[in-house]
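Q: Those protein sequence lines, which keep their order, are chains D and B.
Numbered according to our numbering, the first sequence spans residues 1 to 395.
Numbered according to our numbering, the second sequence spans residues 396 to 751.
Source of the hints: derived by calculation from the structure; they are not laboratory data.
Errors might be hidden in some of the hints.
Unchecked claim - DSSO-like cross-link-like pairs, simulated, lysine-lysine; straight-line CA separation at most 30 Å:
id: 1; chain 1: B; residue 1: Lys-639; chain 2: D; residue 2: Lys-392
id: 2; chain 1: B; residue 1: Lys-744; chain 2: B; residue 2: Lys-726
id: 3; chain 1: B; residue 1: Lys-726; chain 2: D; residue 2: Lys-392
id: 4; chain 1: D; residue 1: Lys-390; chain 2: B; residue 2: Lys-642
id: 5; chain 1: D; residue 1: Lys-296; chain 2: B; residue 2: Lys-744
id: 6; chain 1: D; residue 1: Lys-392; chain 2: B; residue 2: Lys-642
id: 7; chain 1: D; residue 1: Lys-180; chain 2: D; residue 2: Lys-238
id: 8; chain 1: B; residue 1: Lys-639; chain 2: D; residue 2: Lys-238
id: 9; chain 1: D; residue 1: Lys-390; chain 2: B; residue 2: Lys-639
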Amino acid sequence: MDLNFTTAEIAFRDEVRRFLRDNLPADLSDRVRSGAELGKAEMERWHAILNAQGWLAVSWPVEFGGTGWGPVQRHIFEEECCLADAPRVVPFGLQMLGPVLIKFATPAQQREYLPRILDGRDWWCQGYSEPGAGSDLASLRTRAVRDGDTYVINGQKTWTTLGQHANRIFCLVRTATEGKPQAGISFILVDLDTPGIEMRPIRLIEGGYEVNEVFFTDVRVPVSRLVGQENQGWTIAKYLLSHERTNIAGIGFSVQAFEQVKALARQVRADGSRLVDDPLFAARLARIEIDLEAMKITNLRMLVDAQKQGAPGAEASMLKIKGTVIRQALGDLARRALGPAAAPFPAEALDGNAALVPPDHARNAMKYFNNRKLSIFGGSNEIQRNILTKTKLGL
Amino acid sequence: MDFQPSDDRRMLRDTLTRFLADRYGFEHRNAVAYSEPYHDPGRWAEMAELGVLHALAPEEWGGIGGAGFDIATVFEALGRALCPEPLLGALMAAWILGAAGAGLDSLLSGDTRYALAVDEAGGAQGIESIATFARRNDSGWVLNGRKSVVYGGGSAARLLVAARAGEALGVFLVDSSDAEITRYGMIDGGGAAELYCDNTPAERIVENGESIIRDALDHGALALCAEAVGAMDASAELLLDYLKTRKQFGRAIGEFQVLQHRMVDLMTEIEQARSITVLAASRMGSDGQSRTVSMAKSLIGRVAQQVAEELIQMHGGIAMTWEYPASHYAKRLVMIDHQLGDTDHHLTKVAAEYRG
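Start from the sequences and build out the full structure, keeping to the hints where you can.
A: See below:
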């Protein structure tokens, strides 16, 4: 038993800290700290800074322009980025599609697409869920019918996060209807400016726009855009989802959120009191801190296992469940900590009408409502329990 | 980073686990755990011969271990077997005697059983409410007061008693033959005692003992956490096996999603319990010791009760019977939260830092 980082890992952590100190623009970290949403240009700016350092694709091998880091190094990097209030890396190209292309695509496809993810020419979005296919993803019905050298796509995708910024979308489409639903699915790359595609924003519970629905009407896509074999998309889909789950514990976000709530609760209020002196609030906070401390060790235990086995195990589902519950609980406390002041609708949600909200409004309630998504996306927590039932319990 | 036990600890774990499986089979365990003297003195001696007590103390005091992970290794194995032997008292006494510079030889050899008497009847949890006091008379120190629910106090030859002498909180050694002791069994097996001191002669071994007592209690709380982890693992194995074999409505009850998800949640919480215990073990002897132990004991208190209640509910009626082992695991898991500060007591200690 040894819970300490090795000398090399500590040196790496220090290197990351130095890099962040010298290269993370203060205006970006200020915005992250304030809880504001970042615009496309801000996210691209941070990507470019990381790319210049060679640290943008943390889960890619070196030969494809990635860092080649192992799970422990990735963990250290992500934790330090969170502690420094760095923007999060947009995951669709880098963490989802990239590993899929590296594993399943042809060399020509890899040469065409991977560099464009790194230098920011392409912004990918995800075409997985459909109105009728959420947790039961394999029941998806968007059809791709072969017509010579092209597929003709008809159907609808939804929950397409940040699709408004994207120029390309990776999709799961149905290419066969015989056999099991999983057997007739293919993974295909589509340009969003292809005729027949329409993207519409979905306004979410807290008033923000981050997801979209995408409609496909007779959209013609060259067969060369297929990744892997026709009708083997389900294997790719599962591979992508398992990568999506590796950092899903979101420890860094939780550590950040915990420190913010603690600082908020320590502020002296107008009447001279402090929320942290309320034993019931302090107990709520302590309970989450304990869960988080345990979670950090659970995460490290699984990282070390992943380092040995080369891939995250089924336990990643445990991290997803527990990690999202902790993040939601912290969001709950951040909202409660404001009392009545949490209720005014922030200006941006009122289409910029700042005159209608108090000047010192905070986004804690918005964040709380938005965070309900955490236990739904990436495979809902109930789906994670189904996965664990099979893999861990053998039931 | 490495989460595997060292070779020495793996050997200790395997040796002790084999011994317990062989010598504390379920029927024997229940036979000795629920009747006087609420443990098995013969097998206590055998266990001591294996060097298990030596593993609880560092070399400078004559032991061979004493690190958080040594203690956790021993108590996890004990918890798995629901072993009723009074090792907790020996552990805490060792940390007081060692810190006091007193000899540990007869404790570590198992020849002399010790218990630590801190808690008192009718008071709040924690050492702040100790009322038992010591005063000098012509022949030395005498104690007055009552110590309550002293684990292992019924079978101990010597008791270490926390008592006030003026401003100081000291530790006093009492020979059990000099004291009035009421011995009784516990609802989850094992024994404890009430200790009535009425001008009871005692030897003062620590004058200002507050930090030494807290350190011993931290070690005890860590041990209880590890014991709970062992008992939770055994409970989960029992339950999972039952889910696979028990048939209702024509199929194994483990095929019902309502039980599958609850079982997954239990496994997840048990992993969290294991993690926080590992963290606490790693911090023994460091600045973060007390707060981390409190984190662990608080989480364990909460999770152990959840495991106990789900163990019974998901089994159904069978787990309500004395005959089936699950009931005894459930009792031990719940009652661990009644020893050395419960989940709320330790939560309050964790939260105290925020006011800082």
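Q: Would you mind marking each hint as holding or not holding in the structure?
A: Here's how the hints hold up against the structure:
1. Lys-639/B - Lys-392/D: holds (13 Å)
2. Lys-744/B - Lys-726/B: holds (26 Å)
3. Lys-726/B - Lys-392/D: Distance of about 27 Å is within 30 Å: holds.
4. Lys-390/D - Lys-642/B: Answer holds: Lys-390/D to Lys-642/B is near 19 Å, not above 30 Å.
5. Lys-296/D - Lys-744/B: At roughly 21 Å apart (the allowed maximum being 30 Å), Lys-744/B and Lys-296/D satisfy the hint.
6. Lys-392/D - Lys-642/B: Holds. Lys-392/D to Lys-642/B sits at ~21 Å (cutoff 30 Å).
7. Lys-180/D - Lys-238/D: Holds: Lys-180/D and Lys-238/D sit about 16 Å apart, inside 30 Å.
8. Lys-639/B - Lys-238/D: Satisfied, since the Cα-Cα distance of roughly 27 Å is no more than 30 Å.
9. Lys-390/D - Lys-639/B: holds (12 Å)
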